[in-house]
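Number of protein chains: 4
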Amino acid sequence: MIIILKSDAKDQQVEALKQEMESQGFAIHESAGINTKLLGLIGDTSKVDVDHVMANDIVETVQRIQEPYKKANRKFHPNDTAVDISGVKIGGGNFQVIAGPCSIETKEQMTEVAQQVKESGAGFLRGGAFKPRTSPYAFQGLHDEGLKLLLEAKKATGLPVVTEIMDASHLHLFEDVDLIQVGTRNMQNFELLKELGKIDKPVLLKRGMACTIDEWLMSAEYIMAGGNENVILCERGIRTYETAVRNTLDLSAIPMIKKKSHLPVIVDPSHATGIRFMVEPMALAAIAAGADGLMVEVHNNPAKALCDGPQSLTPKGFDQMMKKVTKTRDFFQNL
Amino acid sequence: MIIILKSDAKDQQVEALKQEMESQGFAIHESAGINTKLLGLIGDTSKVDVDHVMANDIVETVQRIQEPYKKANRKFHPNDTAVDISGVKIGGGNFQVIAGPCSIETKEQMTEVAQQVKESGAGFLRGGAFKPRTSPYAFQGLHDEGLKLLLEAKKATGLPVVTEIMDASHLHLFEDVDLIQVGTRNMQNFELLKELGKIDKPVLLKRGMACTIDEWLMSAEYIMAGGNENVILCERGIRTYETAVRNTLDLSAIPMIKKKSHLPVIVDPSHATGIRFMVEPMALAAIAAGADGLMVEVHNNPAKALCDGPQSLTPKGFDQMMKKVTKTRDFFQNL
Amino acid sequence: MIIILKSDAKDQQVEALKQEMESQGFAIHESAGINTKLLGLIGDTSKVDVDHVMANDIVETVQRIQEPYKKANRKFHPNDTAVDISGVKIGGGNFQVIAGPCSIETKEQMTEVAQQVKESGAGFLRGGAFKPRTSPYAFQGLHDEGLKLLLEAKKATGLPVVTEIMDASHLHLFEDVDLIQVGTRNMQNFELLKELGKIDKPVLLKRGMACTIDEWLMSAEYIMAGGNENVILCERGIRTYETAVRNTLDLSAIPMIKKKSHLPVIVDPSHATGIRFMVEPMALAAIAAGADGLMVEVHNNPAKALCDGPQSLTPKGFDQMMKKVTKTRDFFQNL
Amino acid sequence: MIIILKSDAKDQQVEALKQEMESQGFAIHESAGINTKLLGLIGDTSKVDVDHVMANDIVETVQRIQEPYKKANRKFHPNDTAVDISGVKIGGGNFQVIAGPCSIETKEQMTEVAQQVKESGAGFLRGGAFKPRTSPYAFQGLHDEGLKLLLEAKKATGLPVVTEIMDASHLHLFEDVDLIQVGTRNMQNFELLKELGKIDKPVLLKRGMACTIDEWLMSAEYIMAGGNENVILCERGIRTYETAVRNTLDLSAIPMIKKKSHLPVIVDPSHATGIRFMVEPMALAAIAAGADGLMVEVHNNPAKALCDGPQSLTPKGFDQMMKKVTKTRDFFQNL
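Protein chains in written order, with the numbering used here: chain A, 285 to 619; chain B, 285 to 619; chain C, 285 to 619; chain D, 285 to 619.
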């Protein structure tokens, strides 16, 4: 970490700042230009709060050299991590497709969709029981009743299941869930992240819709710092000025995450685009960019879906896409 | 609500959609151009889920005429709402300044700052006990110990207090807090909003850092729909591409909120800009734009603040600003 | 186009608006709900100015049904357009890679790079003679001297060339250029677009860095409306809040453009990401998403490049990427 | 400028980079931490191209200490600049309001509006003869015929006039124009900026709709570097994800510009918001934030305006606003 001092910083003030830093265990390397004086901090600065340093009146700016995340950082874990979810792996060369309806509605719907996506090659079943909706008047999910239907479909098909948690107080209901999803609006719900750090169940951490890649990794770090290192990242589009799509899918996040972190990263083209015809091209592009998996919405009757119908594939559409997904994944593995 | 149909929609499909809508209690007004057929829904459409309608294959797009919020909507509550917080009002002509440190650190700090901001004219004391920090390694607040210090400062000064809640499970600790703040990262933590809808304590709802004005009002609606209509909105800057400031303070949100809603709206220039010298000009501009109050960070020793030092005013700086704030408020009331 | 009237619009005002619209040749279809009255305009509304209609005090909002672009619109030109550039086609099943340095520097550089990218399979040579630089003190390009070097490299290799125009007054210098590029900062330089509409040379229209897909198509329409229908679009990343990459490459723009328009669209992964290691994965992802071509920066000595070195590939790196690009393109064509 | 080297940089490579920098006239100050080596460049680095340095494989990142703008930089020109426009000053304590229609339409319109805004206290008349429109089918302005009408209105009222230039080739038509406006879409039309640098007529430089404050100052620097230091900046809203307003007015840009630069900065609340009722509150907020002037659209019949009617004030509305503007300006000058 380099602290760049203001040109009018007085010796006494500089001395005080140096002493403060030294008292925190850092060695200081001082360097002076004509108009600028620098202090280089030598030591583990990952836990230094930049804002705290910048609050000092004599500090012009601070340049971080070391990333503020450690457990999620590829520098300290050079090999790809493969997360094991009830025996099925994601990452480290293992590619998986998670499929299912946005929200769990009926037993028939879940059983039907589960069977169909399994036949098409999905490795996981998804379905929302707790639904974060912009409007308090919109369908909020079936809650524990929904989880029950999801677990029945799991039993019927053998597919491990993924579903979203919205509050730490619901954790006891997720015991038989295989992969717990944290939604985009909760990526920085730090109390929830801390609770998920205390368990050993894998967590699927969706990117906050206006969060940077570094903030995303810091949220993963929250979970990992608590002791749960089974984190899978999920890119799902970011908020931009463009209105032709629901969100702008940021596929460049994939190679960037791969550079910065060892964690697996999958892509959700359904929520990113919000439009059915865009799901397939974006799914294939995600594979090309290096994604470790996909999460896709499939509904047996999209027009009657209680949530996110416009972006849901039919089981038939999903089956057609999966044929291409499988070939594409094979192609890129051998490229 | 107007449903615009695709030009190739078949009569049978249109009929089915009409029946679905009629079964929900809407009257339908049909209208046809050369290439376009429209269905106008007549009735209370505030609870209709646009996505659900758009999932129908024959629907080109949907145009909402009626806003999806009712309790927060000025159309149904033409007069400004004044929220009463332990006897002090905000909104409906009542202007208040909330001041204090970003985070509660020590008894001395709280007592000192509380006394000073009171003398300068602040109507409320703020201080964070639960701190949402990007990094798990940063200072997370003193929690219940912090709340205790805050309440001691309340007792010593008589100032009502404002502090942030991060999880519904902490609600029991907030009994003596006068105004509960929901932070920017929790604006769409719907489980928290629902819990806050069940109590009658006033809530200060900060705008999500990448949320639209309509989403913000929908989050207010969550609290109000639960029965708690004591909601105050707080604009605190939005995320844009600009990096010279921490966030871009959106002062145009104030007249827009005033047009759309009857709820009070205050402005936090400290978090918006993140830079000390910008707090005062933005505070005065907020008053000019019609804000019902301000929330300002004040620390007795910003360089030693455990959080957000770079944007904190000293008590002396705050006192100077308050003189201008008072005059400016008077000026605009009489303009 | 649907005009939604305010609920308090007076009959006389509505009548006046209807007459104004009828005088412009539109038939009017009127429709009334309980709180809303609508006017549907029947006729070719692509040239109606929405703002003009919204300026009327009785208008609540306007919903466009018909897109404002005609010549660029797939509805009126259902088949993909293939643009012929000096005998080489882009679009309509024809895929091409444009490669070369960001800026033209020396004869040796151009000849060397041109020869190498040709051998690796590039179909076009690029190189900037007029460089739009944020700083007036940065290298601005070699201008006509640069164009001369570019044309020499064209002669030596037979590769058609692409280079950027910054002002219509330079057009006479571009006579032997095969494809004229309009850069991101000039996408809405309408005077330049109008001049390019008067010639018959193909134009490569880069997306404005904060422009919507519809604005981009409207800029293409400017050129096409003038009579020059040889327009190729180029996605090059958009400005977002993310700072880890230079811009956010919007690959979802490709299927969306393909839906809305018949024009070819290529992708520039070099400018989008600004970082060398991201060029290849984003290039492959662009092919997967359906791009008609790529534009890639290649420099014989990136560390000495006068411009954009950090994102330039070496000829060797480009050659390695091209082997994958060719295979990937083949794969997707047969998928 | 601080160059932070990669930890694996070899001595020989570092030596080569140092020599390159020294050959450009910089003294080098070297500094080494445990994992990091830094090179501090001592000398005038305002003209160093950061990208060029970053292209070097051994460079991790570059931190600029010195701003890349010099003539626009307050550090080198501590006093506010007042720009003299035909005898009327803006900046340095001089506040002016520019008013008039978005586009020049008829002689009657211009004469009427000009007379009325003058009576209400406007110091300048605005009106567009060359109009940058998203659609090629929208009204493009009356061009030289429009300029003639503008100059007639100038003659009739004595008000100096402001109008937009869209291409350097039109410059000869602007001889009698007092202040030449560069629109948001041309803020980075560098060829135009260079031409404006060669004349001595004042230039009103609107902020690019997705440009940073530093890019804006660099565009001012383009004009100033050419020799024309008569630049006035105009904030007109930036592009964000929010759709309730046309653009998000960034009032925090005002104190930030005042910190970074000595140039005057005015605000255009009409284009920023795009909505009539928001013009007045945002105008007053701009004054509170420290703006040196305003630019406001006024039309004698907004509903019939050929452009931007929804945001235009009537002369009566403008007159009412001006009474408040004058009082507000007086208030803040004496605060």
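Treat each hint with caution, since some may be false.
Each pair may be met inside one copy or between any two copies, as identical chains are not told apart.
[Stated by the list, open to error] Distance condition first, Cα-Cα at most 25 Å in a straight line; then the derived DSS-like pairs of lysine-lysine: (1) Lys391 <-> Lys478; (2) Lys331 <-> Lys290; (3) Lys359 <-> Lys600; (4) Lys290 <-> Lys354; (5) Lys439 <-> Lys391; (6) Lys588 <-> Lys290; (7) Lys331 <-> Lys321; (8) Lys543 <-> Lys391; (9) Lys302 <-> Lys321; (10) Lys321 <-> Lys290; (11) Lys482 <-> Lys608; (12) Lys608 <-> Lys321; (13) Lys359 <-> Lys321.
Bear in mind the hints are in silico, worked out from the structure with no lab data behind them.
Now the hints, each set against the structure:
1. Lys391 <-> Lys478: This pair counts as neither: shortest intra-copy Cα distance 33 Å, inter-copy 27 Å.
2. Lys331 <-> Lys290: both (24 Å within a copy, 21 Å between copies)
3. Lys359 <-> Lys600: neither (43 Å within a copy, 27 Å between copies)
4. Lys290 <-> Lys354: between (30 Å within a copy, 18 Å between copies)
5. Lys439 <-> Lys391: within (12 Å within a copy, 56 Å between copies)
6. Lys588 <-> Lys290: between (62 Å within a copy, 18 Å between copies)
7. Lys331 <-> Lys321: Intra 23 Å, inter 21 Å, cutoff 25 Å: intra and inter.
8. Lys543 <-> Lys391: neither (42 Å within a copy, 36 Å between copies)
9. Lys302 <-> Lys321: Both: 12 Å inside a copy, 20 Å across copies.
10. Lys321 <-> Lys290: both (7 Å within a copy, 22 Å between copies)
11. Lys482 <-> Lys608: neither (39 Å within a copy, 44 Å between copies)
12. Lys608 <-> Lys321: neither (58 Å within a copy, 36 Å between copies)
13. Lys359 <-> Lys321: between (30 Å within a copy, 17 Å between copies)
The structure shown violates the earlier hints numbered 1, 3, 8, 11, 12.
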